[in-house]
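These protein sequences, in sequence, are chains A and B.
Counted from 1, the first sequence has number 85 at position 85 by my numbering; the numbering is strictly sequential.
Counted from 1, the second sequence has number 1449 at position 449 by my numbering; the numbering is strictly sequential.
Treat the hints with caution; some may be incorrect.
[As the list claims (entries may be wrong)] What follows is a set of in silico ranges between Cβ atoms, one per label pair, in the way DEER data are often shown: (1) B/Pro-1094 with A/Glu-8: 25 to 35 Å; (2) B/His-1140 with A/His-420: 55 to 65 Å; (3) A/His-420 with B/Gly-1028: 24 to 34 Å; (4) B/Ser-1104 with A/Gln-196: 35 to 45 Å; (5) A/Glu-187 with B/Gly-1028: 46 to 56 Å; (6) A/Asn-119 with B/Pro-1094: 50 to 60 Å; (7) B/Asp-1176 with A/His-410: 35 to 45 Å; (8) A/Arg-305 with B/Arg-1478: 28 to 38 Å; (9) B/Gln-1454 with A/Glu-199: 35 to 45 Å; (10) B/Glu-1341 with A/Gln-196: 30 to 40 Å.
[As the list claims (entries may be wrong)] Below 25 Å or equal to it, Euclidean Cα-Cα: the simulated SDA-like pairs (lysine to any residue) are: (11) A/Lys-232 with A/Arg-161; (12) B/Lys-1501 with A/Asp-171; (13) B/Lys-1358 with A/Val-88; (14) B/Lys-1475 with A/Glu-380; (15) B/Lys-1139 with B/Phe-1218.
[What the hints assert, rightly or not] Incomplete in silico selection of chain A near chain B, CB under 10 Å: (16) Arg-12; (17) Phe-15; (18) Leu-44; (19) Ser-47; (20) Asp-68; (21) Thr-139; (22) Ala-271; (23) Ala-365; (24) Glu-371; (25) Gly-393.
Calculated directly from the structure, the hints in this document are not laboratory data.
Using N, Cα and C, we set each Cβ at its ideal position, and we do this for glycine too.
The residues making up each chain are set out below.
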Amino acid sequence: MSANLLKESGPREVFCGLTSIVWLHRRMPDAFFLVVGSRTCAHLIQSAAGVMIFAEPRFGTAILSERDLAGLADAHDELDRVARELLVRRPEIRTLFLVGSCPSEVIKLDLARAAERLNEELQGRVRVVNYSGSGIETTFTQGEDGALAALVPLLPASDARQLLLVGTLADAVEDRLIHLFSKLGIETVRSLPPRQSSELPAVGPGTTVLLTQPFLTETARLLRDRGATVLKAPFPLGTEGSRRWMEAAADNFQCPAAKVRDVLDPLEARARIAIAPHREVLEGKRIFLLPESQLELPLARFLHRECGMELVEVGVPYLNREQMGEELALLPDGTTVVEGQHVERQLDRVRAGHPDLVVCGMGLANPLEAEGITTKWSIELVFSPIHGIDQAGDLAELFSRPLHRRQLIHPALHPKPSNHPVHA
Amino acid sequence: MHGVHYVLHAPQGDTYADLLFTMIERRGQRPPVTYTTFQARDLGGDTAELVKRHVQEAADRFQPDALLVGESCTAELIQDQPGALAQGMGLTMPVVTLELPAYSKKENWGAAETFYQLMRGLLKQTVPQQPDHDVKAWKHEGRRPRVNLLGPSLLGFRCRDDVLEVQRLLSLHGIDVGVVAPLGAGVEDILRLPQADLNVCLYPEVAESSCSWLERNFGIPFSKTVPIGMGATHDFLVEVHDLLGMSPPEAAEGYQRSRMPWYSESVDSTYLTGKRVFIFGDGTHAIAAARICSEELGFTVVGLGSYSREMARPVRAAAKQLGLEALICDDYLAVEAAMAEAAPELVLGTQMERHSAKRLGVPCAVISTPMHVQDVPARHSPQMGWEGANVIFDSWVHPLMMGLEEHLIGMFRHDFEFVDGHQSHLGHTGGAGAGNGNEGLHESGSLQEAPSGQLVWTVDGEAELKKIPFFVRGKVRRNAESYAREVGCKEINSETLYDAKAHYKA
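Produce the entire structure from the sequences given, and follow the hints as far as they go.
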């Protein structure tokens, strides 16, 4: 690999792991996410997801008060009480996630023990697990890593030969990938997280794991500990990444090469047609990605290799070099990859670099637009069906859209002074 | 405000608060906030040093006229005393330390306290020995009276337009506005606060403590009526005129300047009489709404409450006048229970009450923060003054079923389109079932009457189509069929669907 790997520290502009609740609650509608934290935590979740109107709450916050800070015994009793009340209100909940936050981690509230205690009390009616989504420990998508890692010990054991897709996928994408794998001859394909928290897939020595998302370091480690083989592959973004990702599984399951070609070649040809109009917009454009989700490297790889974009800087909140090895190898020589952030200095570099498109969080997007810099807000990538060969066109469209939009409306909204009177 | 920078000692992730300004308020600038964004690994080291580095960087980079220094809930636990640290750094600008107890106080208190501390910090040197303010000084100085508008802020409810509306209202009466604060004010504006004849306290939750400090120390009185609603706007004008020593305004002014009174009197509004309404919000907006509902719209208020403990007393008094017991609490489940108990036909509340109202199937309008992005609209939408009353009439009546529809649904309950609970003026068909019905009609039509007559959807193709969100499903179906005809294939399966998708680039 020949990317230029740099590190930076300073003020950061990222989400904490609690934000993972915003999509995980939809993936597993029978689960409830109870954050143990402060009003700030409650406010974060409510601000992020509260624009949707919920008839039934799917998440909540047990807010620590001054009384809880005074003595730990109290806090545990309080937590038990809140959890019990919640389960009375929502008897259909099957899994309760106790989610740690900065305040609960700083005062060392033992949520693992609380989960154990509640599990005993509830005796299998509801499973209670715990993970941390605190900002001091996790950045944005790392919350999902924590949630999935918390589920790994609960997975039933099995030696059966199977492919396990790990990481949240859109339902339609999941169905599509399972269909394609079956065409390759891989019959048993399961997903983690499942669509119902009570239908956990099994794991064991016969399990081959494909990570669908790049931020699952801890989950991958725990799956390995349970005997699964975690494949090394680029991530399934774009035609190339998706193809190599599927080929990694095909290889592991010893699918005949000819069959793999028969299934994947037409998909690849079709994807190229789908990408083409977006490539026209994106080719030669310079892109700057700020750190957010760890999706930045695979995205940069796709945008460069399949859409012809130039990479000014690729920021990542955290870089697992081993897991990202395949991706780094596919980046052009000398690509600047910055792990960590000093947001002020990074913005200085954005302004100095005059990129055509900046991928950034929503705290920065509108202010940059107001400076005349086109942005693509990055959170959307976690909420969109972007995985697989068939989605490559849609993925490219997410990046061409803001540029297309600017072309479309800018001339009318910023008319050039003209000598022609309107009523000529 | 401008020229004021805030250094907030907070863990990584608390920068989500920027989004409230860049997305909900849709601002084109970053908030003037530097977060220290410490992480777990910093806790082992010197977090105090981290604070000092960020304070210095913020002071150097942004060169503000004044610096606020405070802590978030997590930083409060590790007790680095960032304010004291910043005070000792020899900075050239005034530094205001904020003590905001995150585990016992909330947002509005924090805003009120910050505004108060900043103002007090900037003005305390100029406090006179004896307050010698003359509220009628404008008369012998031969100028128009001048008032400050205190309380409006970002993330307040419709503050942007309320300020414009109140400015216009006062201007019509020959009253000038000196300083508007905190919204849009700078340090120089805060220093000008004592030059006004009178303070107008528009949002007591944010500005009451500051107004009473200015009254105690400079002798400047402040108005206590919040001009939301016809009656309250009139009372507000009377109060301000009286305080400034002006002759009282025309009683009929509201009827002439606002459409709301006539709209409410016209026969179309008769069916509003006695509609049961449940009101919850911050103290100011809840009290105002209760008066409008009972005196100006003819509703029956069946529940009134607020999450503002600081406003508990006036809310209780307003409830008592309506023969109700006020609900003072910040537990949304308790609010929902009270709402269900009161069985209202309309809920006027916050974003949270929209959730409960959805659960109970009751129409709802938002009258107070907390709010979301749809309540920071592009159009002029004040709540205060004469135009505010117009806005209120439209937005509170809108969620209710229109009169004719209400009658017809009451008479004929077996309709296939206008089913129970359906509100056709809101433009949706009510539930996913209706959408599928249309889809079904379209389906048989296109299959049997297609010119080729031969197109067949496979089970697999149909299943794939079902996964398309229903609002674009029709288009995807049409595209797939015309694509199939174009390439001459008779059967539409999932592959054809994807082929068509790539072909039409959508």
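Hints and how they fare:
The beta-carbon spacing between B/Pro-1094 and A/Glu-8, approximately 32 Å, falls within the hinted interval of 25 to 35 Å. For B/His-1140 and A/His-420, the hinted distance range of 55 to 65 Å is satisfied, since their beta carbons lie about 57 Å from each other. Restraint check, A/His-420 to B/Gly-1028: a C-beta distance of roughly 31 Å satisfies the suggested window 24 to 34 Å. For B/Ser-1104 and A/Gln-196, the Cβ-Cβ distance of about 40 Å falls inside the hinted range of 35 to 45 Å, so the restraint holds.
Under the hint 46 to 56 Å, the C-beta atoms of A/Glu-187 and B/Gly-1028, about 54 Å apart, fit the expected range. Here the CB-CB span from A/Asn-119 to B/Pro-1094 is close to 54 Å, well matched to the stated 50 to 60 Å. Taking 35 to 45 Å as the suggested C-beta distance range, the pair B/Asp-1176 and A/His-410 conforms, at roughly 40 Å. For the pair A/Arg-305 and B/Arg-1478, the supplied restraint of 28 to 38 Å holds, since their beta-carbon distance comes to about 34 Å.
The given range of 35 to 45 Å is respected by B/Gln-1454 and A/Glu-199, whose C-beta atoms sit roughly 41 Å from each other. Evaluation of the 30 to 40 Å hint for B/Glu-1341 and A/Gln-196 yields a pass: the beta carbon distance comes to about 34 Å. Distance check on the hinted pair: A/Lys-232 and A/Arg-161 sit about 18 Å apart at the alpha-carbon level, within 25 Å; holds. A distance of roughly 18 Å separates the Cα atoms of B/Lys-1501 and A/Asp-171; the hinted pair therefore holds under the 25 Å criterion.
Our distance criterion of 25 Å between C-alpha atoms is met by B/Lys-1358 and A/Val-88, whose separation comes to about 21 Å. A threshold of 25 Å between alpha carbons decides the hint, and for B/Lys-1475 with A/Glu-380 the separation of about 24 Å falls inside it, so the pair holds. A hinted pair counts as satisfied when its Cα atoms are at most 25 Å apart, and B/Lys-1139 with B/Phe-1218 qualifies at roughly 19 Å. Here the hint on A/Arg-12 is kept, as its CB sits about 5 Å from the closest CB of chain B, short of 10 Å.
Given hint, A/Phe-15 at the interface with chain B, holds; its Cβ is 6 Å from that chain's nearest Cβ, closer than 10 Å. For A/Leu-44, the shortest C-beta to C-beta distance to chain B is roughly 5 Å, which falls under 10 Å, so the interface hint holds. Nearest Cβ of chain B to the Cβ of A/Ser-47: about 6 Å, under the 10 Å cut. The hint holds. The closest approach between the C-beta of A/Asp-68 and any C-beta of chain B is roughly 8 Å, which is under the 10 Å cut-off, so the hint is satisfied.
With a least beta-carbon distance of about 7 Å to chain B, the hint placing A/Thr-139 at the interface is held under the 10 Å criterion. A least Cβ separation of about 7 Å between A/Ala-271 and chain B falls short of the 10 Å threshold, and the interface hint therefore holds. Interface restraint check: A/Ala-365 against chain B, minimum CB-CB distance 7 Å, threshold 10 Å, status holds. Hint status for A/Glu-371: holds, given a least beta-carbon distance of 8 Å to chain B, under 10 Å.
A distance limit of 10 Å between C-beta atoms decides the matter here; for A/Gly-393 the minimum to chain B is near 6 Å, and the interface restraint holds.
Violated hints for the displayed structure: none, as all numbered hints are satisfied.
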